[in-house]
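In order, the protein sequence lines correspond to chains A and B.
For the record, in the first sequence the residue sitting at position 13 is 13 according to our numbering, with numbers rising by one throughout.
For the record, in the second sequence the residue sitting at position 272 is 272 according to our numbering, with numbers rising by one throughout.
The set of hints was computed from the structure by calculation and includes no laboratory data.
Treat the hints loosely; a few may be bogus.
[To be verified] Part of the chain B face toward chain A, derived, beta carbon under 8 Å:
(1) D163
(2) G212
(3) A216
(4) E221
(5) G251
(6) G253
(7) Q254
(8) T272
(9) T273
(10) M296
All values reported here derive from a predicted model rather than from experimental measurement.
The beta carbon of each residue, even a glycine, is placed where N, CA and C say it ideally should be.
There are 2 protein chains.
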Amino acid sequence: MSELKNDRLLRALLRQPVDRTPIWMMRQAGRYLPEYRETRKQAGSFLDLCKNAELACEVTLQPLRRYPMDAAILFSDILTVPDALGLGLYFEEGEGPRFRKTVRSESDLAGLNAISADDDLAYVMNAVRTIRRELRGQVPLIGFSGSPWTLATYMVEGGSSRDFLHIKTMAYDRPELMHQLLSLLADAVADYLAAQVRAGAQALQIFDTWGGSLSAAGYREFSLKYMQRVLARLPAEADGRQVPVIVFTKGGGQWLNAIADCGAQAVGLDWTTDIATAREQVGARVALQGNMDPTMLYASPERIREEVATILAGYGHGSGHVFNLGHGITPGVNPDHVTAFVDAVQELSPQYHQA
Amino acid sequence: MSELKNDRLLRALLRQPVDRTPIWMMRQAGRYLPEYRETRKQAGSFLDLCKNAELACEVTLQPLRRYPMDAAILFSDILTVPDALGLGLYFEEGEGPRFRKTVRSESDLAGLNAISADDDLAYVMNAVRTIRRELRGQVPLIGFSGSPWTLATYMVEGGSSRDFLHIKTMAYDRPELMHQLLSLLADAVADYLAAQVRAGAQALQIFDTWGGSLSAAGYREFSLKYMQRVLARLPAEADGRQVPVIVFTKGGGQWLNAIADCGAQAVGLDWTTDIATAREQVGARVALQGNMDPTMLYASPERIREEVATILAGYGHGSGHVFNLGHGITPGVNPDHVTAFVDAVQELSPQYHQA
């Protein structure tokens, strides 16, 4: 493997000194880029794109050709694990992801495939290896998975949901069944992430997109606990270097104190959390990632720069901050506004890292 | 006017001693009740129902006939004010509310009607007077309005939104225009709520349904500030009795400290906030309302009772708690589960109010 030329991301995630605040964007390989839309058309469906290692590598690298990002993130879907478990993932145009089967009973649970990520998600590991090779050590590669709770919401509801009626009724009325499903998912996610590390991922992010739909107690019982279980099973290092993990619970700002103790090296913040307050709360326990409102990218380049300055000043001096959006970039963003965003972080952040 | 026989709600909102924790439910007059669906059918459209004082009164009273609620809440829509301003509110089956016109420029703003709530929203005041008369002092009547920010989201987007792209772009790039619209709305909302009090409302709630979509700084600048402006203009009392105001920002749990200082007597909590932590934070500044997850009503009566016990214990001893859901009740709930919910609050709460 090529030696890593830019390790700002890894250093910041471990709160080690850096020359400037590293930056990447959730969903940076995405529909706002015309070259992505072109490759996607070539591939056929979204899933075809995920399953083709060469094309998944191509779209992963596209944002790096335009912007001096400090990390690449594996191009894949968060629902690959439930798909491998046998639920039959598909996408309908203009709709979110859907599953052909759902998990709502003991027999549904018993009917899930026993899987090994290396074998049953080999296409993801191929993509990781291909991207890692093509990156040639330019920046680190982030692997990822959905959190057990987030995967379970799709598996129980059968797709996206607004109210999470089915899964919450299961969690409230049949907690033992809910815990069985979440345990199974925690083990599958840990295996999946460990396999990504073996294939070349140098940092990991767990996307807990729907943890924020729970009550405070429900979050600890059904989401955080299973992310802790995943974290406890991950390899500490690869190629002699620590593999930091970022936990991102959208809507989790109220629970930061608990999240900071879950065993991850870094916590992702959505845009509703004040990053200065967050840093006070977590202290030296974890690094923080985030957290510009993704809709700020629709504002003028001047306004974007102002917001970057505010967030940098909010975090303040010293390492431990990875700049990002507070959620994924949306398809309507003008790619030139991303230039303004990345430039602002590059130009305005060094002052916070002087000795 | 009849003398008020049950003033638990008003007393709890002012943190005065009560014999048990009062309860009402957001959207308690709603589609989960077969009698509501029947009246709605009679009325024609949802808006026809809002505009017919007798039928609006009928659906307001329906939940009180089934359950010993401690308050009635005016049956109306949160978008009556923008409708009166001239935007043309309508509903499409299965969709959220829509407006025929939007407000995205100075000229759109200049084109809004100058309104007086007594004249231009007379149908709401008729409904308030009718309900107040028919209640015969049984329980207090809560009036309400959307917050200026929440009303503005619908007016700028033209309906419901997921990303709030148009209004956020306005807020970020054209803050002076955004502030003009919000000032206009704050004045209209204050006039609207004051008129409801004159017509007979005995407590008020401001629904800030979309304040939680903002960043922490954005929330203070674009939502909280204008609720403060509304609160500063409301009549302190009616019939010689204080008219308490509840501010409910969905997703506002991270900002409780600021919200507790906005001038309202009570703060509504959604279900993601731990009520024990919230009480510690707000201290004696405000009463708290909430906050059971509405989806808990899909669980068994035993589980519902357990959750009520947990929330009561979380708030702890003494007055200052109004029991409610953390958001509106949803259409699929079995009305018998509401019985279990209300009974649990009635039976389990007196122990927290003994001297």
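Report the numbers of all earlier hints that the structure fails to satisfy, in ascending order.
-> 4
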